[in-house]
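Student: Residue numbers (my numbering), protein chains in the order written: chain A, 1 to 291; chain B, 1 to 162; chain C, 1 to 798.
Each hint should be verified, as a subset may be incorrect.
[As the list claims (entries may be wrong)] Computed spacing ranges between beta-carbons, pair by pair:
#1 Thr476/C <-> Asn117/B: 50 to 58 Å
#2 Arg522/C <-> Thr7/A: 54 to 62 Å
#3 Arg43/A <-> Ala34/C: 53 to 61 Å
#4 Glu58/A <-> Glu123/B: 50 to 58 Å
These are computed hints drawn from the structure, not numbers from a lab.
Given the structure is predicted, the values throughout are model-derived calculations rather than measurements.
For glycine and all other residues, C-beta sits at the position ideal for the given N, C-alpha and C.
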Amino acid sequence: MKSAPFTYCRPASVTEACALLAADEDARLIAGGQTLVPMMAMRLARPTALIDIARIPELAFVRREGDHIEIGAATRQAFAEANATVALDLPLLARALPWIGHSAIRNRGTIGGSIANADPAAEIPLVLATLGGAVVVQTPRGRERFAARDFFLGPMTTAIPADGCLVEAHFPVWTHQRIGACFTEISARHGDFAYVSAAAQVALDDNGSCVACALGVGGATAQPTQLAVDLTGARINETTAREKLSVAIETLDMMTDPHASPAYRKRAALALALRALLAARDEALAKRART
Amino acid sequence: MKVLLNVNHVEHEIDVEPRLTLLDALRDNMRLTGVHTGCEHGVCGACTVLIDGAPARACLIFAVQADGLAIGTIEGLAPAPGELSLIQDAFCETHGMQCGYCTPGMILTAHALLRENPSPSREKIVAAISGNICRCTGYGQIIEAIELAARRLAGSNAGDAA
Amino acid sequence: MNAPRAFRYISTDRRVREDRRFVVGKGKYIADIAAEAMLHVALVPSQHAAARIVSIDASRALALPGVHGVVDGAELAAACEPLMNGLDTPHVQRYPLAVGATRYMGEWVAAVVAETRAIAEDAAERVDIVYEALPHVIDAEEAYKSSSTPVHPAHGSNVLLDRVFNWGDVDEHFAASDSQLSLRVTWGRNATVPIETFGVLAQWDPWGAVLDVNASIQMPKYADQIARALRLPMNGVRVHYDVDVGGSYGVKRGIKHSVLTGYLARKLNRPVRLLEDRLENMRSGDAHGPERIFDIDVAFNSDGVINSMKMRALDNAGAYAGRAPFQLGKPIGAIVGPYRIKSVHYHAISVTTNKAVEEAVRGFGQSPTNYAIEAMVDRVAEAVGVDRIEVRRRNLIRSDEFPYLIPSGTRYDSGDYHTVVDKVLTHVNWPELVAERDRLRDEGLMAGIGVAACLEPSGGNSSFEPLLNPKNTTTTWMESCRINIDALGDINVAIHTTSSGQGHETLVATAVGEALEIDPARIRVTRPDSLSSLPGNSPVGSRMAIMLGGAAFKAAEKLKDKFRAIGAHRFGCAVDAVNYCDGNLSHGEQSLKWLDVVAIAHRHFHELPPGAEPGLEASFIMQTPTGEALPTPDGRVQMYPCHSFEFHIVLVVIDPELGKPDLRRYVIGHDCGVVINPHIVKGMTLGGIAHGIGAALLEEFVYDADGQMMSQSFMDYLLPSASEIPHVEIVHHCTPSPLTVFGQKGSGESGYLGAPAAVSGAINDAVRALGIRFEKLPIRTTAISDAIAEAKLKGRLP
């Protein structure tokens with residue numbers, strides 16, 4: 001399992017990377033390479049050139065910018081996992097990151113790489129979709145911002161143009177006092193690609209009523225899916241939540257593959273989304289209301 | 001392409017094809033054969049090395065990507081010829097292996113874990129080694145080895161897992 | 001032998017000496033062995049389940065710089081003998097590369113040799129092959145039909161083996177029983193899948209006329225088979241045994257790889273190395289395990305006592321005979337498990353299909369058979385409404401019945417099954433475990449307890465070969481050891497095999513140390529190559545503790561006799577009157593120290609007894625105990641001599657929505673007689689259980705209806721990680737074997753032989769209230785969830 005031959009370069013800037021990408025339609029960007037390299041080893045991916053963006057300084061950062069946090073595309077997943085800003089302001093991402101593969105994978109894998117790869121079962125895209133985040137893509141023509149819902153087009157398919165480089169991911173920050181978040185998934189083994197994953201973040205007011213709610217499922221559908229379920233204006237109770245989630249999930253078009261039937265995915269999506277929601281609610285409730 | 005690798009604190013300049021993985025560069029170009037080839041697609045963990053101190057799959061990074069990075073392999077752990085590090089000794093004490101093939105990757109993973117968390121719970125140990133597949137032991141004696149090493153580290157005030 | 005003896009080094013908590021080199025990365029594996037100017041092989045796999053090879057054009061491959069050659073099956077078939085076929089099926093011929101037709105997806109059609117493996121892979125993509133697709137058969141039942149397309153047309157059908165045995169009065173016992181029931185269970189195709197793939201390096205010396213072979217091999221008759229296939233004298237093949245094998249558990253038998261590589265090394269006159277990559281290993285390494293359908297009729301009384309069993313076992317061998325048929329034969333030696341079943345009807349069927357070839361897998365067919373027997377016992381318990389453990393107790397052979405002759409002709413050496421069961425039940429606090437399961441159920445979880453009792457036949461011979469192939473009259477099955485005490489009095493022990501993690505160096509040092517009363521740490525163990533070795537049959541059939549340990553002990557006893565003879569000559573007494581203690585000799589007031597004896601043997605010929613050989617060397621070639629007779633015409637045979645016992649209890653909790661089983665508690669009672677090294681036996685048992693959990697829940701080589709393999713990588717063939725394996729508690733018991741030097745039995749297959757049955761039983765206990773029964777392994781999370789949902793839909797709620 002040796003890759004087919006290719007050339008390699010390590011540009012110093014995104015501008016340079018985009019120019020190189022534009023010059024060779026079979027060139028590929030590589031950052032952490034944790035998905036691309038095995039595909040190359042099996043010769044299922046055969047880029048003529050690899051353009052290594054992992055060390056471009058302008059791509060590695062975590063910063064608060066207004067109502068969201070911006071993370072540079074080449075930021076290592078392990079770095080984000082250990083980052084205090086992420087832990088404090090992006091609880092859902094903080095909960096999702098440990099689910100990615102194993103620590104050795106997260107030590108090399110990047111935030112942007114996972115998003116650009118757009119595996120339906122991947123964790124970071126689901127967080128981005130659930131929170132209604134956005135990404136920034138740079139091309140020789142400039143930078144363009146895509147909302148998550150316009151970005152993930154299908155399995156391994158995104159809105160990134162052929163000469164584009166994903167440079168930033170923007171995750172909305174919630175400023176409520178009582179926030180809870182939960183990420184969970186089901187797979188054959190710990191660290192495997194999820195059959196189904198679910199993400200939930202809720203904010204409660206002093207009375208425990210839901211004031212904000214974000215829910216999503218991954219692995220089940222062709223792209224990570226934000227669930228259209230509005231639970232604001234009341235306390236979250238299991239019965240109502242189950243009913244609303246059932247309706248939302250019933251309409252989804254589940255994937256079929258040898259690992260899990262569409263019926264399984266539907267069942268697991270409902271179970272996991274409900275569990276994530278209730279766990280997020282309970283976490284928020286446990287936070288002290290303003291006196 | 002010329003690549004400069006700092007392996008176990010020694011600089012090596014090698015000339016490689018871009019498609020050569022770090023795994024093959026270490027094994028074939030530098031004859032550091034303690035790092036093992038298991039699946040070449042990033043699942044089994046037999047090729048685990050430390051990159052800038054953190055465990056990584058040597059089969060999932062091309063040598064050219066590792067240019068200038070600090071690589072740690074099993075060959076760099078023993079304190080002196082004929083001696084064992086505390087963790088290596090603990091693996092011998094509990095027989096935390098059989099065929100020995102996954103062992104270097106397992107020990108490097110344990111090394112990195114104990115450096116970060118000198119007294120990990122069983123749960124943390126399991127999570128840390130869950131990316132390293134062992135087909136022989138069923139993991140019981142590996143977990144015991146890491147627990148033993150942690151206890152001995154606590155007792156020795158060594159602070160450094162090496 | 002009733003109670004275990006007191007030992008000095010045996011059974012003590014000593015380190016495993018091999019571990020020192022492994023923890024520093026200094027194991028010497030096949031991929032670590034490089035030769036000057038070595039070339040590398042890549043294989044061209046068939047894309048078809050079955051196809052005629054119309055043409056092979058290697059010109060584009062050969063044009064690539066760095067490529068040294070491309071060979072195909074036609075060339076090999078002209079130059080080599082077919083690979084050994086254990087059955088009498090001369091028209092099922094197998095060569096390292098497909099000849100004329102390919103018979104499974106992934107089968108090697110051509111081999112490319114190049115300066116590097118990467119170039120070889122580049123060239124392999126440029127070998128242009130024209131195929132003409134042929135009809136194929138994937139399913140074993142389909143293949144068994146006379147209407148099916150034969151995988152080997154010259155053989156005339158897909159049936160490799162179709163043999164009926166009747167041991168005892170089956171019909172009478174069925175007629176006299178209160179009840180009977182039928183069941184079908186299926187063992188999915190899995191294997192041991194070591195983390196190191198198979199590899200071989202061959203070098204031909206044209207002046208010395210010797211083929212040097214280094215390989216990650218675990219195989220009997222390896223050098224013999226290479227020599228035969230390559231038409232070399234056996235002393236023209238030198239197999240190096242000082243190679244650390246990165247796991248095997250049966251499958252590291254790359255004979256096709258080795259014959260191919262040996263041929264290439266001779267043809268190209270360059271060292272050639274073939275290291276399977278993971279894809280080659282999974283789809284075409286010919287290292288899959290049994291895939292078996294069991295149909296059982298069982299006759300029993302209303303108290304749960306089982307009288308008789310009819311078992312039909314249909315095994316899907318894959319495209320060539322391999323070792324598949326014999327893996328139906330070996331379980332005949334424990335066909336009733338640990339139970340007093342009075343008669344057995346056994347119908348063993350092995351068929352060819354268009355799947356990859358089976359190789360020996362841990363237990364050699366015993367684990368699937370044990371799974372079927374245990375599923376049967378659970379069903380009997382359910383039918384008579386008696387607790388599963390009580391039913392087992394009523395059927396287990398009693399300790400005062402040993403040696404116990406089972407209907408198929410094997411005598412079990414020793415055992416105390418009821419005591420092991422009792423110890424385990426006490427350890428787990430059985431009533432409390434049941435109460436815990438019921439509490440979990442009350443919480444809305446699906447909880448179940450699984451139990452399994454089974455045997456590990458050990459001390460492996462090859463009695464299944466003459467049993468299934470009357471042309472084979474082999475009863476000799478040996479292992480050997482040579483000890484030399486050097487001129488400075490230091491001890492060197494030679495063993496004549498490779499090891500794949502079993503700790504053979506520790507084993508023989510301990511056995512020799514025990515016999516010579518010398519600290520094993522002072523003993524060096526070496527592995528000469530095959531040309532310098534005594535005969536042996538390698539670490540198969542859970543035999544090395546018995547056979548290598550036995551040979552080492554007996555060689556040491558011979559050395560002690562030499563010591564005593566020297567002492568008797570010096571002391572002027574009878575040999576029997578010389579006392580040997582801690583390596584020193586005495587008779588009354590007279591004494592000779594170890595180094596005195598060494599000096600006499602090595603330097604003082606004048607002090608040696610008349611006629612004695614100088615030096616201090618002894619060898620022992622040991623025959624497997626009890627292997628004296630060929631099978632009887634009605635198919636009764638003494639299979640392996642020793643029988644270890646294991647009793648598993650597992651508590652599982654299933655998430656009722658997601659279906660994921662969580663093994664909350666795992667206890668095994670284990671009796672392998674006298675334990676030589678506790679660390680090694682513990683590791684074997686824990687590792688075997690993990691392997692069995694994989695077989696029960698995760699691992700399967702899946703083919704689709706077109707014969708395409710769906711699990712070629714570690715992304716799809718799922719080996720358990722530390723997260724999937726529970727903490728396992730081991731309860732020890734020791735019933736020594738009367739047939740072995742220390743009372744030891746085998747343990748290399750322990751855990752694996754019962755874990756699949758126990759885990760499956762636990763899941764079935766958990767879902768029984770829903771009317772669900774899983775009767776095929778592996779039992780996947782998604783399948784559990786789907787079945788629960790379906791049952792709930794149908795209103796089969798408890």
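Student: Next step is simple, just say for each hint if it's right about the structure.
Tutor: We went through each hint and held it up to the structure:
{"no.": "1", "hint": "Thr476/C <-> Asn117/B: 50 to 58 Å", "result": "holds (56 Å)"}
{"no.": "2", "hint": "Arg522/C <-> Thr7/A: 54 to 62 Å", "result": "holds (58 Å)"}
{"no.": "3", "hint": "Arg43/A <-> Ala34/C: 53 to 61 Å", "result": "violated (25 Å)"}
{"no.": "4", "hint": "Glu58/A <-> Glu123/B: 50 to 58 Å", "result": "violated (38 Å)"}
Of the hints listed earlier, those the structure fails to meet are numbers 3 and 4, in rising order.
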